[in-house]
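Protein chains in written order, with numbering that gives the first Met the number 0: chain B, 0 to 296; chain U, 0 to 97; chain R, 0 to 511.
For the record, the hints were derived by calculation from the structure and aren't laboratory data.
No incorrect hints appear here.
Okay, derived cross-link-like pairs now, DSS-like style, lysine-lysine, Cα gap no bigger than 27 Å in a straight line:
(1) B/K228 x R/K298
(2) R/K128 x R/K239
(3) B/K76 x U/K95
(4) R/K29 x R/K15
(5) U/K33 x R/K128
(6) U/K42 x R/K128
(7) R/K298 x B/K243
What the simulated footprint calls covered on chain U by chain B, stretch by stretch (three residues with Cβ under 8 Å from a Cβ of chain B suffice, anywhere in the stretch; the number is not a length):
(8) 2 to 12
(9) 64 to 75
(10) 80 to 89
Pairwise CB distance ranges (calculated):
(11) U/Y59 x R/E460: 51 to 59 Å
(12) B/V198 x U/M0: 41 to 49 Å
(13) U/V31 x B/A139: 51 to 59 Å
(14) B/V198 x U/M11: 18 to 26 Å
(15) U/M0 x R/D425: 38 to 46 Å
(16) R/D425 x B/A131: 55 to 63 Å
A virtual CB, placed ideally from N, CA and C, is assigned to each residue, including glycine.
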Amino acid sequence: MSRLRRSMLFVPGNNPGMMSDAHIYGSDALMFDLEDSVTLREKDAARLLVYHALKTIHYGDCERVVRVNPLSTPFGKADIEAMVAAGAQVIRLPKTETAQDILDMEAEIERAEKQFGIPIGQTRMMAAIEGALGVVNAYAIATASPRLVAIALGAEDYCANLKTSRSLEGSELLYARGAIVVAARAARIDCIDTVFSDVNNEDQLIKETQAIKQLGFDGKSVINPRQIKPVHRVFTPTQKEIAKANRILAASREAEARGSGVVALDGKMIDRPVVIRAERTLELAYASRAVFEEDEV
Amino acid sequence: MKITTPASAGTMESGDIMIEIESSDQREVEVVLKSSVANEFGKQIVATIRNAVEEFGLEYAVINAVDKGALDCTIRARVAAACQRATSSTAFDWGKNA
Amino acid sequence: MTQDQAFYTALNALNKAAYVPGENPRLYDKDPVPLKNRMARENKIVESLEKAVELSGLQNGMTISFHHHFRDGDHIVNLVMDTLARMGFRDLRLAPSSLSDVHAPLIQHIKNGVISHIETSGCRGALAKAVSQGLMDDPMVFRSHGGRAAAIEEDEIHIDVAFLGASSCDPFGNANGYSREGEEKSMCGSLGYARVDAQYADSVIVLTDNIVGYPNVPFGISQRLVDYIVCVDDVGDASKIMTGATRFSTNPHDLMIAEMTSNVIVHSGYFYEGFSLQTGSGGASLAVTRFLREAMIEKNIHASFALGGITGAMVKLLEEGLVSRLLDVQSFDLDAAQSLKNNRFHQQIDANYYANPYRRGAAVNQLDVVVLSALEVDTSFNVNVLTGSDGVIRGAVGGHPDTAAGASLAIVVCPLMRGRMPCVRDHVNTIVTPGNTVDVLVTDQGIAVNPRRPEVAERLEKAHLKVTPIEELARRAERITGKPDPLPFGDKVVGICTYRDGSVLDLIRNLT
Chain B
0 MSRLRRSMLF
10 VPGNNPGMMS
20 DAHIYGSDAL
30 MFDLEDSVTL
40 REKDAARLLV
50 YHALKTIHYG
60 DCERVVRVNP
70 LSTPFGKADI
80 EAMVAAGAQV
90 IRLPKTETAQ
100 DILDMEAEIE
110 RAEKQFGIPI
120 GQTRMMAAIE
130 GALGVVNAYA
140 IATASPRLVA
150 IALGAEDYCA
160 NLKTSRSLEG
170 SELLYARGAI
180 VVAARAARID
190 CIDTVFSDVN
200 NEDQLIKETQ
210 AIKQLGFDGK
220 SVINPRQIKP
230 VHRVFTPTQK
240 EIAKANRILA
250 ASREAEARGS
260 GVVALDGKMI
270 DRPVVIRAER
280 TLELAYASRA
290 VFEEDEV
Chain U
0 MKITTPASAG
10 TMESGDIMIE
20 IESSDQREVE
30 VVLKSSVANE
40 FGKQIVATIR
50 NAVEEFGLEY
60 AVINAVDKGA
70 LDCTIRARVA
80 AACQRATSST
90 AFDWGKNA
Chain R
0 MTQDQAFYTA
10 LNALNKAAYV
20 PGENPRLYDK
30 DPVPLKNRMA
40 RENKIVESLE
50 KAVELSGLQN
60 GMTISFHHHF
70 RDGDHIVNLV
80 MDTLARMGFR
90 DLRLAPSSLS
100 DVHAPLIQHI
110 KNGVISHIET
120 SGCRGALAKA
130 VSQGLMDDPM
140 VFRSHGGRAA
150 AIEEDEIHID
160 VAFLGASSCD
170 PFGNANGYSR
180 EGEEKSMCGS
190 LGYARVDAQY
200 ADSVIVLTDN
210 IVGYPNVPFG
220 ISQRLVDYIV
230 CVDDVGDASK
240 IMTGATRFST
250 NPHDLMIAEM
260 TSNVIVHSGY
270 FYEGFSLQTG
280 SGGASLAVTR
290 FLREAMIEKN
300 IHASFALGGI
310 TGAMVKLLEE
320 GLVSRLLDVQ
330 SFDLDAAQSL
340 KNNRFHQQID
350 ANYYANPYRR
360 GAAVNQLDVV
370 VLSALEVDTS
380 FNVNVLTGSD
390 GVIRGAVGGH
400 PDTAAGASLA
410 IVVCPLMRGR
420 MPCVRDHVNT
430 IVTPGNTVDV
440 LVTDQGIAVN
450 PRRPEVAERL
460 EKAHLKVTPI
470 EELARRAERI
480 TGKPDPLPFG
490 DKVVGICTYR
500 DGSVLDLIRN
510 LT
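The following block holds chain B by itself, in its conformation from the complex:
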């Protein structure tokens, strides 16, 4: 199974305190930010801080993602050079609007990989869609480069772009979310939902995460370690779902053994997509340690 991206913990790039052990909270990915959380005067310092952190600190199994400044700013080029040299696994491009944005960034990344002796193509990419044009171009963006592992939604800028405001039930994001999921699936990459900023409202976080999981998202960005467990719980199959998946797969294997193409369980016919979903449920269950192979009877 490909890498889990259920949670991506946001780590401000100019805060050394948080940077030294951001991995202990068990998120699937860490996103070190050089963009919006860093003031203009500190862009140089943040770049150096994240560079040195990535080169020195062992972040365990967390995927190391860095959000760089766009190439249209004075900082983007140096950001990419530094982060590629530091061994960042994924470069996240904010405010992606067109496929060309991806291609321009990819060119810079490749140049840096050549310069620093890093295997070409090793540095992956993630595109954040934060405006209407990006949503319109979602599929083109998602397929613009083989380096892309995921596309993500950035809701704050998107809503401003739409000339509306954020609401708890999020109807203003419905189209964007749908478009991004569809584009990601068509391009066979992951899709990640936007942050939920009210750190104290765990109930609402869980509600929103359940809703976006239902839409098809693979994961969600988080801004506080406390949000990681609730998000993981939503994305982890329950024991009931696992038991059901096991039964479906057992029925499928049994039908195959009989040489029959018809799978039946509890008197009902099970379609092929249901079997595939059951397989994915079990994969997810093992990957998120909801079950352990050594515990199987």
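Since chain B is already given, all that's left is putting chains U and R on it; use the hints.
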């Protein structure tokens, strides 16, 4: 490379180090350190600062450092940022093994 | 029989004296005056602290004691010491149950020769720093709560005069750490440490700012143990004694450690219907309660009792029926103090009942699980809660070694590093709790189990909780922080850290 203006980088937050750098009349790198862990790591912090200044390419400087328990990688980053700002240069050898 | 000659002859032969009204000076005459008048006329209240000191017979060189239930809001120690200094006392030996930041004025009394020796559980702030730098000729002796109580009971510490602050006291000495009438100015809940002093001191002076009607029962300290009562303006500063319920930490490191510790407890083999528990009063060790409560509800498991160091979090469990009883030697917040006052299943206990090292029945020996915090832990599982990583005295031994020795499972919680200081290392600055009594260490970067408890490690592994050798944790910390240089200790011994029986665990040297 020459220091064209005094500069600083870093904050007084826990885990950070505030580095102030200015040019020196003496032909040496002088480090004045105030640290919450002076007894246990004072020598190492001064050595790390010196090392980072030399790696940047500066031979004479006066560094005033106020440390709040920063790790070595943070110290190096803050020193490099202060040096860059003091020499008005953006050069940094990203490819060098840290 | 008629009291005739035969009566007296028989008495003579039996060698007994006859009753003669008014003859025995020890007996009080019958007094027809109503109680309210009688009490105003004759009681144990003395007009001034100086008078009480005179009556107590205090001499230079004697030992005096205090309790620390008023914590950093205490006024009693400074008030009494200022008065004794003014009265010209010298070479006094102090045996408070603990000392806090607020007791910095003792520095001057030490310099002036009023105080020559101190035995305590802990010391903080400017006084601690001064002691670390060599202020006293006699080393400060540190004892655990159980160790102090036993030393007092066995007369190794002989208290000549105990000065005990109380939130309320009636004219004959029934004293409490709360009040049922008048202004509740200085609530502190349990008087568990004070009770031992009251029981064994030669002379007991209660200081209070709230005289209430007789009888002030139920009592924390019985009138029978009290000799004199002095009224003061304020026994303490309420805002610094205690505040509302102790809040759970929101520090993500603490919460991570707390949740992991709760998981360890659940899978340790000591989580069963009727288990018993003690947790610390802050940070990660308090937050464990929050997560354990969810597990208790989910698995329908109730605790027979919780011991402590009681906070509002434990009171909540009591009120929810998840814990049947609370045993309280020290209340940590107003919720706990209120519960002690009003709930008969929240029992005040004294320090000997709590942790006397020589009694099999001591409450700490009935613990399944204790969760303790630490400043540092070493690779032999020795724990330091007394001196900082800079070598300065800054904490207290408290009930740490008592509970670790008594509980079936002692869990210590500590982050791997605090800033740049490694907290898991090869040697701690001061051994306060010996490693042979510490079973599990939970850090934010891994769990270590003492090799003495392989069955616990096995249970945790079976539950898919990864166990890491403690040496590996120490190496990991060192790799990140670098190896600290040795501290500049001098040759003078400024502190002696004793184990529960008075034997020496470690020596604290001065810092140059």
